[in-house]
Structure formats: structure tokens, C-alpha cells
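*Asks:* Mapping of the sequence shown onto the UniProt record's numbering: residues 1 to 308, in sequence order.
These are computed hints drawn from the structure, not numbers from a lab. One or more of the hints may lead you astray.
To be verified - Using 20 Å as the maximum straight-line C-alpha spacing, the simulated DMTMM-like pairs for lysine to aspartate or glutamate come out as follows:
#1 Lys155 x Asp266
#2 Lys106 x Glu59
#3 Lys260 x Asp304
#4 Lys106 x Asp177
#5 Lys155 x Asp278
#6 Lys261 x Glu193
#7 Lys84 x Asp73
#8 Lys242 x Asp256
#9 Lys233 x Asp278
#10 Lys72 x Asp304
#11 Lys106 x Glu83
#12 Lys260 x Asp177
#13 Lys232 x Asp177
#14 Lys246 x Asp256
#15 Lys65 x Glu86
#16 Lys157 x Asp212
#17 Lys261 x Glu199
#18 Lys246 x Asp73
#19 Lys157 x Asp266
#20 Lys65 x Asp47
#21 Lys233 x Glu199
#22 Lys260 x Glu193
What the hints assert, rightly or not - The following label-pair restraints were derived from C-beta to C-beta distances:
#23 Glu152 x Met305: 33 to 39 Å
#24 Met305 x Gly248: 15 to 21 Å
#25 Asn234 x Pro176: 22 to 28 Å
#26 Val291 x Asp53: 21 to 27 Å
#27 Asp266 x Asp58: 38 to 44 Å
#28 Val291 x Phe89: 21 to 27 Å
#29 Tyr307 x Leu54: 37 to 43 Å
#30 Tyr48 x Gln225: 25 to 31 Å
Every value quoted in this text rests on a predicted model; they were computed, and no experiment measured them. Glycine residues also receive a C-beta, built at the ideal position from the N, C-alpha and C atoms.
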Amino acid sequence: MTVLSSLRQDEVDENARSSYFNLPALDVSVAFPQATPVSQFPPCASDYYQFDDLLTSDERTIRMKVRECMEKDIAPIITKYWEKAEFPFHVVPKFAALHIAGGTIKGYGCPGHSITASAIAVAEFARVDASCCTFFSVHSLAMLTIALCGSEAQKQKYLPSMAQLNTVGCWALTEPDYGSDASSLRTTATKVEGGWILEGQKRWIGNSTFADLLIIFARNTTTNQINGYIVKKNAPGLTATKIENKIGLRIVQNGDILLKKVFVPDEDRLTGVNSFQDTNKVFLAVSRIMVAWQPIGMSMGVYDMCYR
Numbered sequence: 001m002t003v004l005s006s007l008r009q010d011e012v013d014e015n016a017r018s019s020y021f022n023l024p025a026l027d028v029s030v031a032f033p034q035a036t037p038v039s040q041f042p043p044c045a046s047d048y049y050q051f052d053d054l055l056t057s058d059e060r061t062i063r064m065k066v067r068e069c070m071e072k073d074i075a076p077i078i079t080k081y082w083e084k085a086e087f088p089f090h091v092v093p094k095f096a097a098l099h100i101a102g103g104t105i106k107g108y109g110c111p112g113h114s115i116t117a118s119a120i121a122v123a124e125f126a127r128v129d130a131s132c133c134t135f136f137s138v139h140s141l142a143m144l145t146i147a148l149c150g151s152e153a154q155k156q157k158y159l160p161s162m163a164q165l166n167t168v169g170c171w172a173l174t175e176p177d178y179g180s181d182a183s184s185l186r187t188t189a190t191k192v193e194g195g196w197i198l199e200g201q202k203r204w205i206g207n208s209t210f211a212d213l214l215i216i217f218a219r220n221t222t223t224n225q226i227n228g229y230i231v232k233k234n235a236p237g238l239t240a241t242k243i244e245n246k247i248g249l250r251i252v253q254n255g256d257i258l259l260k261k262v263f264v265p266d267e268d269r270l271t272g273v274n275s276f277q278d279t280n281k282v283f284l285a286v287s288r289i290m291v292a293w294q295p296i297g298m299s300m301g302v303y304d305m306c307y308r
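Let the sequences and hints guide you as you build the complete structure.
*Replies:* Structure follows, in C-alpha cells:
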């Protein structure tokens, strides 16, 4: 009796499997509406936690500008770039037109927004695409480093162009053997006449394969302290190689950076970075707060997609 029951159950299970796998395939736009370039990202379904009640009119305006750009210009095309693991460079002027690069930085062509406005902008970027959000956040971190740790001449030279996204930045701290323990980094900076010689490696650096300038942190061989440097993309001895076959933040162009006797003139040494603790001026001031708003935005996007 038990054997017969088992056989009958096996037959039922097999029929169920055959029935399922023999069904006609769903059109991709039905099965995965978010995975088709022609689909539209669902409009915001809710004022999450009544954020709008807490925002100023300027902050609400920034929120809606970023939301409209991401829903209209990014959502319809971003899937094919995810598939190719390529960054959509043609959208950079659209980001520039938002006039939010530089966030809280005042002057030098930067908007001088509130921290709340910048946080809301990050969330709206991430709500549609976390990779585009990361591109913008890394660039903003490079700007913030120059604003907080650079000389007046460096601010005047670099920030106006970066605010317009005519110059794109990246931020290189992590190394192959040092991530969370970045204070132990091994990249070195040796003083020579007129500047510094940088030697070492960096890894997982977003924007590094195409950035116009790179913020590089290296250990001063004289003081053994961490210093900061602005390195141009065409500097002899500098190479950045794309890290392939990623899934997470697939569109972000993370790179391995190799520095072989890269000369950096004295004028591009970040005068406000004289120890690893000085990097906290950037970490503690704004950047870690902004990183926390990225998963908030991603969760908002998931909610809207499920609600639809």
C-alpha cells in the first residue's frame, strides 16, 4: 500500500513538473517588466515616512529634479548597460544639468546645498540605479576632499570644472591587501625635487578607468604618515585596468590602479592631509552619511516596483 501510494505520488509530481516546464515562456516584459529598456520605472508610490513634511521648498525641488531625471532619462536605458557592464557616458551632461555636483560645498561654482538636500538626492539616484548613484557619489567625494583638504589654489583650479562634471574625479584609498584596514596602506610617496614619486597599487576604485583626476593616498616615506595627492589621468607611470565579471554595482567602472614612479608636482599635494586621521575630515563630515542614504533609496525603488 505504501509503495503504491509512493508511486502514485511520484506520477503526480512528474505530471506537475512536466506541466510547469511545458508552459509557453512568458514574454520578458511580462515576467520581468523592470528588465526591459522600453518599460518605465514606476512613479513614486508614496511619500516615504512623510519626508516631504520635513523638507524645505528648495530641498523638495532638488528631490523632484533628480527623480524626474532618473525616471525619464536613466530608467528606460540602464538595463542594456547593466548587461554590457558599461557606463552610459552620454548621461553625464544630464547629471551636470541638475547642478547638484559638489553638494554641500559653498563657492567655486558648487551649489552649497544642505546635507539633507544632498542626502535626498543620493536616495533618488539610488532609487532607480545604484551604479549611477555610486558614480556621482565617488565624484562628489573627490570634490569634498579637495574642498576640505586642498589649498585655495587647488580649490580654484579644480572645483569649478568638477561642479560642471567637465572634470570627473575618483578617490583611491583601498589597496589589494588593505580595505577596512586602510590605515596600513603600502603605497608610498617619496619627496624629490619639485614634487613626489608615488609607487604602489589601489584596488576597487570606482570611476578610475576614465576619471580625469584621481585622489591618491600614499605613505610619506620620511614621516611614515598618510598624505593625499591629486594625480592626473595621463600621468606617466599611471595605469588603471577595469575589474571584469562583476555583479554588484555592475555598471560602476571599478579599477585596479598601478603607480610606477608617478611624479606629482608639489602644487598637487593635498596640504590638509598629513596623517590618516585627516581623512576623517571627509569621512565624518559627509561621506559616510551619504553612503547610508544609498540603501534607503534602493529600498524605495524596490517598494515602488513591488507596489506596481
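*Asks:* Against this structure, judge whether each hint is valid.
*Replies:* Quick rundown of the hints versus the structure:
For the suggested pair Lys155 and Asp266, the alpha carbons sit about 15 Å apart, so the restraint of at most 20 Å is met. Restraint check: the Cα-Cα separation between Lys106 and Glu59 comes to about 16 Å, which is no more than 20 Å; the hinted pair holds. Distance restraint check for Lys260 and Asp304: the Cα-Cα separation of roughly 48 Å exceeds the 20 Å cut-off, and the hinted pair is therefore not satisfied. Between Lys106 and Asp177, the direct Cα distance comes to roughly 36 Å. Violation of the 20 Å bound is thereby established for this hinted pair.
About 17 Å separates the Cα atoms of Lys155 and Asp278, which keeps this hinted pair within 20 Å; it holds. Simply put, Lys261 and Glu193 have alpha-carbon atoms about 14 Å apart, close enough for the 20 Å limit, and the pair holds. A hinted pair counts as satisfied when its Cα atoms are at most 20 Å apart, and Lys84 with Asp73 qualifies at roughly 18 Å. The suggested pairing of Lys242 with Asp256 holds, with an alpha-carbon distance near 6 Å, which does not exceed 20 Å.
Distance check on the hinted pair: Lys233 and Asp278 sit about 24 Å apart at the alpha-carbon level, beyond 20 Å; violated. Distance restraint check for Lys72 and Asp304: the Cα-Cα separation of roughly 15 Å lies within the 20 Å cut-off, and the hinted pair is therefore satisfied. Note on Lys106 and Glu83: the hinted pairing is violated, with a Cα-Cα distance of about 38 Å set against a maximum of 20 Å. Straight-line distance between C-alpha atoms of Lys260 and Asp177 comes to about 18 Å, which keeps the hinted pair within the 20 Å bound.
For the given pair, Lys232 sits about 24 Å from Asp177 by alpha-carbon distance, which is inconsistent with the 20 Å threshold. With a CA separation close to 13 Å, the supplied pair Lys246 and Asp256 stays within the 20 Å bound. A distance of roughly 25 Å separates the Cα atoms of Lys65 and Glu86; the hinted pair therefore is violated under the 20 Å criterion. The hinted pair formed by Lys157 and Asp212 meets the criterion: a straight-line CA distance of about 13 Å does not exceed 20 Å.
Using a Cα cut-off of 20 Å, the hinted pair Lys261 and Glu199 holds, with the two alpha carbons roughly 6 Å apart. Simply put, Lys246 and Asp73 have alpha-carbon atoms about 24 Å apart, too far for the 20 Å limit, and the pair is violated. At roughly 14 Å between alpha-carbon atoms, Lys157 and Asp266 fall within 20 Å of each other, so this suggested pair holds. About 16 Å separates the Cα atoms of Lys65 and Asp47, which keeps this hinted pair within 20 Å; it holds.
As the CA atoms of Lys233 and Glu199 are separated by approximately 15 Å, the hinted pair is consistent with the 20 Å bound. The hinted pair formed by Lys260 and Glu193 meets the criterion: a straight-line CA distance of about 18 Å does not exceed 20 Å. The beta-carbon spacing between Glu152 and Met305, approximately 46 Å, falls outside the hinted interval of 33 to 39 Å. The given range of 15 to 21 Å is respected by Met305 and Gly248, whose C-beta atoms sit roughly 19 Å from each other.
A beta carbon spacing of about 24 Å between Asn234 and Pro176 agrees with the range 22 to 28 Å that was offered as a hint. Range check, Val291 to Asp53: Cβ separation about 25 Å, and the 21 to 27 Å hint holds. With their beta carbons about 40 Å apart, Asp266 and Asp58 fall inside the hinted range of 38 to 44 Å. Take Val291 and Phe89: their Cβ atoms lie about 24 Å apart, and the range 21 to 27 Å holds.
Remark: the range hint 37 to 43 Å for Tyr307 to Leu54 is contradicted by a beta-carbon distance near 22 Å. At roughly 43 Å, the beta carbons of Tyr48 and Gln225 sit outside the given window of 25 to 31 Å.
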